[in-house]
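Student: Heads up: the protein sequence lines correspond to chains A and B, in order. The numbering used here puts the first residue of the first sequence at 67, with every later residue one more than the last. The numbering used here puts the first residue of the second sequence at 41, with every later residue one more than the last.
Taking beta-carbon pairs under 8 Å as the criterion, some of the chain A residues facing chain B (in silico):
#: 1; residue: V79
#: 2; residue: G82
#: 3; residue: V94
#: 4; residue: K101
#: 5; residue: A131
#: 6; residue: V152
#: 7; residue: F167
In the DSBU-like style, the derived pairs of lysine-lysine whose C-alpha atoms are separated by at most 35 Å in a straight line are:
#: 8; chain 1: A; residue 1: K181; chain 2: B; residue 2: K212
#: 9; chain 1: A; residue 1: K181; chain 2: B; residue 2: K251
#: 10; chain 1: B; residue 1: K68; chain 2: B; residue 2: K152
#: 11; chain 1: B; residue 1: K235; chain 2: A; residue 2: K183
#: 12; chain 1: B; residue 1: K251; chain 2: B; residue 2: K235
Far from chain A, by Cβ distances over 12 Å, these chain B residues were calculated:
#: 13; residue: I118
#: 14; residue: G168
#: 15; residue: S171
#: 16; residue: G207
#: 17; residue: D209
#: 18; residue: K212
#: 19; residue: F216
#: 20; residue: F266
These aren't lab readings, by the way, just hints derived from the structure by calculation. Where a beta carbon is used, it is the ideal one built from N, C-alpha and C, also for glycine.
Each chain, written out:
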Amino acid sequence: MGHKSYEESIKDVYKGLVLLAVVTLIEVGISLFGKGHLGYQPGENMTWLLAIVAIGLIVLSLYKAYFIIYEFMHMGSEVQGLRMTVLLPCLLLVWAIIAFFQEGNSWFERRDLIKQKNERSVDDKKVNVQGSLYQPEETFIL
Amino acid sequence: MATDTIAHEEEIQERQDDHWSGGKEPFKASYGKLMMWYFLLSDAFTFAGFLIAYGTLRFSSATWPVPDFVFSTAPFGIHHAPLIFVTVMSFLLIISSVTMVRGVQEGHRENKRGVVFWMFLTILGGIGFLSCQAWEWNNLINKEHMTVTVNPFGTHVESGQYMEGDGHDINKGDTFKAGDSYLIHQHNGEFTPLKYQTTGGEIKEQEFGPKAFGALFFFITGFHGFHVLSGVVFLIIIMINAASGLYVKRRNGYEMVEKMGLYWHFVDLVWVFVFLVFYLL
Chain A
67 MGHKSYEESI KDVYKGLVLL AVVTLIEVGI SLFGKGHLGY QPGENMTWLL AIVAIGLIVL
127 SLYKAYFIIY EFMHMGSEVQ GLRMTVLLPC LLLVWAIIAF FQEGNSWFER RDLIKQKNER
187 SVDDKKVNVQ GSLYQPEETF IL
Chain B
41 MATDTIAHEE EIQERQDDHW SGGKEPFKAS YGKLMMWYFL LSDAFTFAGF LIAYGTLRFS
101 SATWPVPDFV FSTAPFGIHH APLIFVTVMS FLLIISSVTM VRGVQEGHRE NKRGVVFWMF
161 LTILGGIGFL SCQAWEWNNL INKEHMTVTV NPFGTHVESG QYMEGDGHDI NKGDTFKAGD
221 SYLIHQHNGE FTPLKYQTTG GEIKEQEFGP KAFGALFFFI TGFHGFHVLS GVVFLIIIMI
281 NAASGLYVKR RNGYEMVEKM GLYWHFVDLV WVFVFLVFYL L
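Could you build all of it, start to finish, from the sequences and the hints given here?
Tutor: Quick look at the structure:
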């Protein structure tokens, strides 16, 4: 902004439109290819192909996000401090993703166990309440 | 004493230039723009929380509805066109984002007519997106009978052969493999899961898909759609203000339009990720 002439910045905007449109079409193409809609049918043991497709899609989406933030929202022409205070906290999400997906995986592995335990009936009188905060007589449902 | 007054004024001037007295804008951005950025950051965390919840539940389920089977219908009777309709929706948002950038540019040039024109096109794009989403929701709720608690989109976990047909896509005697998707149809208001025989010889009935899918879908796309809706409302207000000449007096290069632009691009940005996790992956 400011450094470019009016005509140049208009041209940049339409270049951005073409770029985002092309990246989106590539994404849809990759996704349909990976699911076997474009002629090629992945075999039984082709999970590695799906993994590559997924990584490709994530990278392209992150590129789109970068482009929107830096070109359309003009983050590139903000001062360093503003850029960092907005973008750095987003790195916390990396941990959130790792931790929660790990958790999801662990739920998946314990699904049968949880189902078993859910079906087991508990006799209130026999529950050992010593040393625990659980007091059957005093519990009430809100 | 005259010199004293000048010294005093200089001191006041110095204090106003000081970072702590409001003389200088932090990060060279106005209060409104800075706060818009921080609002968007917090909103990004909200959306990230929802999308991570989607990923977590997807990881925790043995099967998950295949998006290009679930989202393969489009208006005008188009069937078996995976992801085509949502791609159109994505393009609508991208185009409206570009018209918004043009509006902000015209604002920097203090060109009132340009601002109003490009904001009007942006509003049309937003309304178009919302209409598409309304069609998609209507199709899922009224035709395919998916609700927040019932998910009729299932996936086979073993191969086999159908023992009856549903009058739609499945005929009696059709075979299927593990990983193939199906939709349990309703007849006279009741779900009618089909019976099938597995290759092992067992006779089973189609099972419903993971419940969480419907709730996550309606909640997350609904939350995004609500952002688009409020964006359209604010765009209309700001367009009317711009047309009335309110921002001409402020002489700040239509900063209100720029702040609105930040919000509108953010809505597009979120859609990039909603599109990724719900439709592409």
